[in-house]
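**Student:** Sequences are here, hints too, so could you generate the full structure?
There are 2 protein chains.
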Amino acid sequence: MKVFNEYLEIVNNAIATLKLPGQPAGLYDPIRYTMDAGGKRLRPVLALAACEAMGKDPMTAIHQAIAIEMFHNFTLLHDDVMDNADVRRGRPTVHKKWNEETAILSGDAMLTTSTMLLAIKAGDHLASALDLFNGTAMNIYEGQQLDMDFEQRLDVTVEEYMEMIRLKTSVLLGCACGMGALMADAPFETQLQFFNYGVNLGLAFQLQDDFLDTYGNPETFGKAIGGDILNDKKTWLLIMALKEDQTGKLREIIGSNINAEEKISTVREIYNTLNLPDRIHELIRAYIDTAISCLDTIELMPEARAFFIDLALKSATRDK
Amino acid sequence: MKVFNEYLEIVNNAIATLKLPGQPAGLYDPIRYTMDAGGKRLRPVLALAACEAMGKDPMTAIHQAIAIEMFHNFTLLHDDVMDNADVRRGRPTVHKKWNEETAILSGDAMLTTSTMLLAIKAGDHLASALDLFNGTAMNIYEGQQLDMDFEQRLDVTVEEYMEMIRLKTSVLLGCACGMGALMADAPFETQLQFFNYGVNLGLAFQLQDDFLDTYGNPETFGKAIGGDILNDKKTWLLIMALKEDQTGKLREIIGSNINAEEKISTVREIYNTLNLPDRIHELIRAYIDTAISCLDTIELMPEARAFFIDLALKSATRDK
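In order, the protein sequence lines correspond to chains A and B.
According to our numbering, the first sequence is numbered sequentially starting from 4.
According to our numbering, the second sequence is numbered sequentially starting from 4.
None of these hints come from the bench; they were simulated from the model.
Watch out, some of these pointers could steer you wrong.
Repeated chains share a single entry, so a pair holds when one copy, or any two copies, can fit it.
To be verified - 20 angstroms max Cα-Cα, derived DMTMM-like pairs, lysine to aspartate or glutamate: (1) Lys100 with Asp152; (2) Lys124 with Asp134; (3) Lys5 with Glu222; (4) Lys99 with Asp86; (5) Lys236 with Glu104; (6) Lys266 with Asp60; (7) Lys22 with Asp134; (8) Lys43 with Asp212; (9) Lys99 with Asp152; (10) Lys252 with Asp32.
**Tutor:** Shown next, in the form of C-alpha cells:
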C-alpha cells in the first residue's frame, strides 16, 4: 500500500496526461480547465487504494478512477450552473468564465468522456463497471433533485436529509471503493463491503462539510463561512434546529432580510444553545465507526486496513 | 422486412412501456414528457430495420434502438436550453414548462439512462456498442459547438458547414444503422457501410430541413417558415448566398432591423436569383445517391434493399 499522497500523485499525473482533442476549443478548453482545477481527488484515490488493497497493481483501476473523478467534476460543473455559483476552487466557474451554453455542453461531453474512460481496459468487468457507474449516476441526479426540492420546504426531516446526501454525495465514494475492488477481481461481497465503507465515509464527510460551512476557519476551509446559513440551506444543523428550537426565533430569521453577519451569528447562537456542534460530531463519529466496521468483513493486510481506517478518521476531523 | 410504420409501432410501444422510477417526480416527469412527445423516430426505426436486414429478429436491437432515441431526445432537450427555444413538437420545452435547472438535470439523467439502455442484452457486443455510441456522442457535441461558433462568423465555408451537420446530425443516423447491424452480428465492414449509408442519409435529411425551413409549407412542415432567415442561421442556403451575392444586398439585410416578413421575402428572392432551391436539391440527390451506393457493397435481400432505398428517396422529397 502507498500513502494518500502517492495515490494522489498517480491520479494527478493521469489527469495531466489525459488526451483530449484540441478542437473545437470551445468544447474542450472548459473540460481541461475543470479537470486541472485540483480538488481533493478523494474518489480516484479511494479507487486505486481499494484495488491495491485487493492485491492488484493500482494502475489496473486507473482509467476507472479517472472516469469517476471526471464524472464528479461534471456534476460540479452542472450544479454550478443550476445554483448560479460564481466561484469554484477559487476560480470563476465555467459558466462565468465562458457562458452557460458552454457549461452545459462541456458538462455533457465530460459525462460521455467519463463513460469512455470507464470502458478502457475494463475487460470482462465492463458490464459490471458500467452497471455500478450508471446506477450511481442516477442516484446522484435523484439526490440533486431532492436537494432542489428541499429548497421549497421547511418541513424536511432528518431522515429525508440523510437519504438526500446519501444519494447526492455518498454513493459516489461508495462507487469509487467498489470500483477499485471490482477491477481487482474481488468477489461481489467484498465489492459491496467496500461500497458500504465508502457510503458511510461519504455521509460522515458531508456532515463534516455542513459543520465546517458554519464553524470552519475561512483560512483553512478555503471559502467564506456561513454560506449555508445565508442561503437557508437545509443542512443537518438547520433541520435539527428547526425541529428543536422552541423560541420561534429561527423561523423568524429564515427568509428575513437581516444583515448577513447578524444572521450568521444569531443562527449559530441557536445551534450552540441546542448543542448541535457536539451532536453532529457524535453522528459523524457513528458513521465513521460504521465505515470502519465494514472493513472487518474484508480480508485485508494490516497496512491496507490501516490506510482505510486512517482515511476515515481524518475525514471526521478534517478542517478543509 | 416490415414497412416503416410497423417498426415505428414497435418503437413507440417500447417507449410507452419504458420503466422509469416514479420519484423524484421533478427528475423523471420531464423525461417521460420528452420521450412521449413523438417525433419521426427515424433513428430507432433505422436500427431495427438494419438488424432485420442482417437476418436477425429486430427485437435483438430494441434496447439499443431506444437508447439512441433517448440520446437524441436528450440532445434536443439541452439544445433547447442553449437556444432558449420555447416550443418543441408543438409543446412548451422542458425549461419553459418546468425551469432551466430541471431541463439540465433531467437531460443529464436521460444521457445516463441511454447508456444503461444500450447495455441491456448487449452481450458480447457491449464494448463495441459503447465505443460506437460514445464516439458518436462526442461528434454530436463537437457539431453543436461548431454550430454555436458559426453564429459569430460570416465567413463560414460550405465545407465547414457540411462538416458541422455531419457531426451534429448525420453521425447519429449512421450510428443507428451501424448499431442495428452490430447487434445482428454483421461483420465490421458491413456495419461500416450501414454507418456510411446513415451518414449520407443524414446529410441529405439536414439539407432538406434547411430547404423546408425557408420554402416549406407551414401547414405540413409543422412550424413557422423563415426562422433560419430571421435568426441569420448559417445554413447551406445562406452560406452559398453570402458567397455568391454580388449586389451586397444580403450583407446589408443580415443583422438589420427590417420587418420580419420583408426580411424573409427579400432573402428568399436572393436565394431564387441564385437558383439555390434547384441547386440544393441537386446536392441532396447526390447524397441520396451516395447513401444508396453504400448499400451496393452489402449483401441484402431485395426487400431489405428496397426498404433502405425507399427511405432514402422519401427523405429527399419529404415535406415535413
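**Student:** One pair to classify: Lys99 and Asp86, alpha carbons no more than 20 angstroms apart. Within, between, both, or neither?
**Tutor:** Answer is both: 12 angstroms inside a copy and 18 angstroms across each meet the 20 angstroms cutoff.
**Student:** If the cutoff is 20 angstroms on CA atoms, where do Lys100 and Asp152 land: within, between, both or neither? Let me know, please.
**Tutor:** between (28 angstroms within a copy, 16 angstroms between copies)
**Student:** Measure nothing new, just compare the shortest in-copy and cross-copy C-alpha distances for Lys236 and Glu104 to 20 angstroms and report within, between, both or neither.
**Tutor:** Close across copies (17 angstroms), not inside one copy (27 angstroms); limit 20 angstroms.
**Student:** Using 20 angstroms as the alpha-carbon threshold, which applies to Lys252 and Asp32: within, between, both, or neither?
**Tutor:** neither (48 angstroms within a copy, 38 angstroms between copies)
**Student:** Within a copy, between copies, both or neither: which one fits Lys124 and Asp134 at a CA-CA cutoff of 20 angstroms?
**Tutor:** Both, since 16 angstroms and 13 angstroms are each at most 20 angstroms.
**Student:** Indicate which option fits the pair Lys5, Glu222 if close means a Cα-Cα distance not exceeding 20 angstroms: within, between, both or neither.
**Tutor:** This pair counts as neither: shortest intra-copy Cα distance 29 angstroms, inter-copy 68 angstroms.
**Student:** Checking an output row: Lys22 and Asp134, CA cutoff 20 angstroms. Within, between, both or neither?
**Tutor:** This pair counts as between: shortest inter-copy Cα distance 16 angstroms, intra-copy 25 angstroms.
**Student:** Reference check for the pair Lys43 and Asp212, CA-CA at most 20 angstroms: within, between, both, or neither?
**Tutor:** within (13 angstroms within a copy, 48 angstroms between copies)
**Student:** Is it within, between, both, or neither for Lys266 and Asp60, if the alpha carbons may be no more than 20 angstroms apart?
**Tutor:** For Lys266 and Asp60, neither the intra-copy (51 angstroms) nor the inter-copy (66 angstroms) Cα distance is at most 20 angstroms.
**Student:** Could you place Lys99 and Asp152 in one of the four classes (within, between, both, neither) given a Cα distance threshold of 20 angstroms?
**Tutor:** For Lys99 and Asp152, only the inter-copy Cα distance (18 angstroms) is at most 20 angstroms; the intra-copy one is 25 angstroms.
Hint check: violations occur at hints 3, 6, 10; the rest are consistent with the structure.
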